[in-house]
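Student: So the protein lines, in turn, are chains A and B. Taking the numbering used here as reference, the numbering of the first sequence is continuous, increasing by one, and the terminal residue is 428. Taking the numbering used here as reference, the numbering of the second sequence is continuous, increasing by one, and the terminal residue is 172.
Please keep in mind that the hints were generated in silico from the structure rather than gathered at the bench. A couple of the hints might just be wrong.
[Said to hold, decoys possible] Residues from chain B shown here face chain A by an in silico Cβ test under 8 Å; the list is partial:
no., residue
1, R99
2, I103
3, S107
4, I109
[Stated by the list, open to error] So, partial list: chain A residues that the calculated Cβ filter (under 8 Å) puts toward chain B:
no., residue
5, A195
6, Q372
7, S373
8, R375
9, L376
10, G379
11, D393
Quick caveat: nothing in here was measured; it's all calculated off a predicted structure. Idealized CB from N, CA, C, for every residue including glycine.
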Amino acid sequence: MENVEASSWHRLHPLSPVIRAGRVFIGAVIIFAGTLTPGSHDSETGVITRLVLGVLVVAFGGISWLVTRWRIEGNDLRIETGLVRRNSLRFPLAQIQAIDVVRPMLARVFGLAELRLRMGGATAGHARLAYLAAGEADTVREQLLALSRGAAPQADQPPERLLLSLPTGRLVASILVGSPTVTFLVLGSVFVTAAALSPKAAIAILSSSGAIAIGLVTFFWRRLNGGYHLTVAEAHDGLRVRSGLLDTTAETIPRGRVQAVRMVEPLLWRPFGWCRLEVDVAGRQHRGGENSPERQQLREVLPVGTRAEAQRLLGRILPDAPVERSRPPERARWKAPFRYHYLSWGHNERCAVTTTGRVARVTSWVPLTKVQSLRLVQGPVQRRLRLATIYLDTAGRAVHAAIRDRDADEARAQLGELTVLSRSARRS
Amino acid sequence: MATDPEPAHSEMAEAWLRPSPRLGTMRRVEILAVSAGAALVVLAVTGLEVLAAAQVNVVLLALLLGGIALAGFLGDRFAQRRVRAWAYCEREDDLLVRRGVMISRLSVIPYGRMQFIDVVAGPIERAFGLATVRMHTAAASSDARIPGLPQEEAARLRDHLARLGEAKAAGL
């Protein structure tokens with residue numbers, strides 16, 4: 001393993017533009033193949049236009065590759081790009097929350113990998129190095145992580161310890177036993193009923209449900225690809241999560257950068273005793289804009305597993321999670337009739353845990369060192385019932401620990417205590 | 001840990017500061033302006049009807065104007081209560097912000113967690129010499145702001161908070 005020269009400039013891999021163009025490129029090749037086969041009746045100018053366009057695309061890709069370079073400058077990673085408008089990006093290494101190695105299928109074919117640096121901060125984006133040779137990517141990742149911890153890059157690391165690997169059979173079963181399947185069954189039964197009543201209506205329903213079917217297939221595929229051969233290992237710098245069927249990802253969740261942990265137990269999984277464990281890390285990118293489903297921003301360290309496995313992983317992520325929990329007062333049933341049976345919370349000096357949920361039980365753990373601010377909220381119904389809710393805000397975006405519907409006096413006292421505890425946790 | 005060593009939150013002992021009383025006036029002016037605008041629209045439509053020599057429904061006109069006046073009155077009462085509900089308190093390690101009439105909220109923002117502080121003053125606020133101070137932490141959900149501060153007080157608070165934030169800063 002050779003360290004990358006810190007001061008000199010580096011280029012991305014020459015094949016990067018090809019992979020970045022990805023599907024567009026493949027599509028273009030198919031179009032060209034269509035026009036160039038004998039028997040097509042395209043005019044010569046048409047062929048020439050397309051060829052020129054193709055050459056332009058390749059040229060632009062090449063130029064963007066030529067003008068993009070990166071290097072490590074002291075404590076920053078600097079990426080320069082752009083021909084006409086030079087764009088120089090500087091990412092402070094100390095703010096790195098995690099570095100992922102992402103390998104789309106096309107990149108795997110060429111033996112390349114993308115490095116994605118997740119930065120902290122409310123508005124910070126993420127740095128991408130797409131693409132590097134796979135071996136180089138690992139080296140650079142190690143080096144950046146070491147620099148982000150302020151240590152000199154080390155050559156020899158203690159080997160990783162495998163904590164968990166996900167059986168494919170259980171993954172497939174868990175994907176099939178889910179709410180999309182219920183939707184599918186409902187749709188199917190509607191279709192059958194409609195077909196029995198009138199064939200015309202059945203055709204109409206069938207044609208309109210095409211989009212839903214595509215959505216379902218994408219959903220199944222994404223979950224399968226995301227969880228396929230998932231392994232969680234404990235490395236010297238945090239938990240390493242690897243997964244993927246065609247597109248593989250390798251993420252490292254550094255110790256002490258976890259904002260919150262969430263365990264979800266969906267209703268349909270209850271007969272099997274399964275649950276899902278997700279980790280919220282600051283600076284996780286928004287994949288599809290601000291309104292994208294929040295679940296996508298979480299990293300599933302355990303897409304499906306038994307409670308015992310989840311507890312074991314949790315013990316590695318948050319070593320001192322509280323066990324004792326207390327229930328809200330009986331009168332909270334009037335405020336939250338569908339949630340009441342799950343509501344509870346507990347805390348110790350370092351961590352708070354809350355459970356909530358209507359159909360699926362959701363348990364969230366928040367380390368008190370990560371609490372950004374606390375809020376005590378009391379709505380009109382709660383005031384009448386002398387209840388109040390405490391929110392623990394963290395820099396993670398998807399898990400919001402809410403201590404719901406506690407006795408108002410207790411909530412006030414606990415707000416004070418949690419404030420003091422999170423302050424001392426922050427200082428220690 | 002069920003029993004709290006401290007007596008139920010010692011916030012009452014500390015000095016709670018409030019936005020300037022001019023904030024109440026400002027809200028009243030805003031509501032007046034909106035009501036006047038609505039009334040003008042109604043009157044303009046009536047005027048057009050008169051010009052077109054159509055039958056003017058006097059009862060409807062009176063009802064509309066009365067409704068606007070009533071809505072403005074009720075809105076003003078509620079706005080005044082909301083203005084009175086805002087309060088903030090600078091403690092040793094954190095800032096408390098209290099607000100809300102229907103839904104009462106109390107936020108605790110540790111100084112060390114504040115990433116940056118905005119002072120915003122819109123045109124109406126500037127006309128009243130007021131400003132809004134907004135505190136940002138790394139958490140998107142901890143939206144804490146104090147509206148209607150006199151501009152000198154807003155500047156003082158901003159500098160004070162920034163200084164304390166720097167002194168007590170904590171990483172993510």
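Student: Hint by hint, say whether it matches the structure.
Tutor: Structure-based check of all given hints:
Here the hint on R99 (chain B) is broken, as its CB sits about 10 Å from the closest CB of chain A, past 8 Å. At a threshold of 8 Å, the smallest CB-CB gap from I103 (chain B) to chain A is about 5 Å, leaving the interface hint in force. Residue-level restraint check for S107 (chain B) holds (minimum Cβ-Cβ distance to chain A is 5 Å; threshold 8 Å). The beta carbon of I109 (chain B) is positioned within 8 Å of a beta carbon in chain A (closest approach about 4 Å), and the interface hint is therefore held.
For A195 (chain A), the suggested interface contact is broken, since its CB lies about 48 Å from the closest CB of chain B, more than 8 Å. Hint status for Q372 (chain A) relative to chain B: holds, with the closest Cβ pair at about 4 Å, below 8 Å. Proximity of S373 (chain A) to chain B holds as hinted, the smallest CB-CB distance being about 4 Å (cut-off 8 Å). Given the 8 Å rule on beta carbons, the hint for R375 (chain A) holds: about 5 Å separates it from the nearest Cβ of chain B.
With its C-beta approaching chain B no nearer than about 4 Å, L376 (chain A) sits inside the 8 Å limit, and its interface hint holds. About 5 Å separates the beta-carbon of G379 (chain A) from the nearest beta-carbon of chain B, less than 8 Å, and the hint is met. For D393 (chain A), the suggested interface contact is upheld, since its CB lies about 4 Å from the closest CB of chain B, less than 8 Å.
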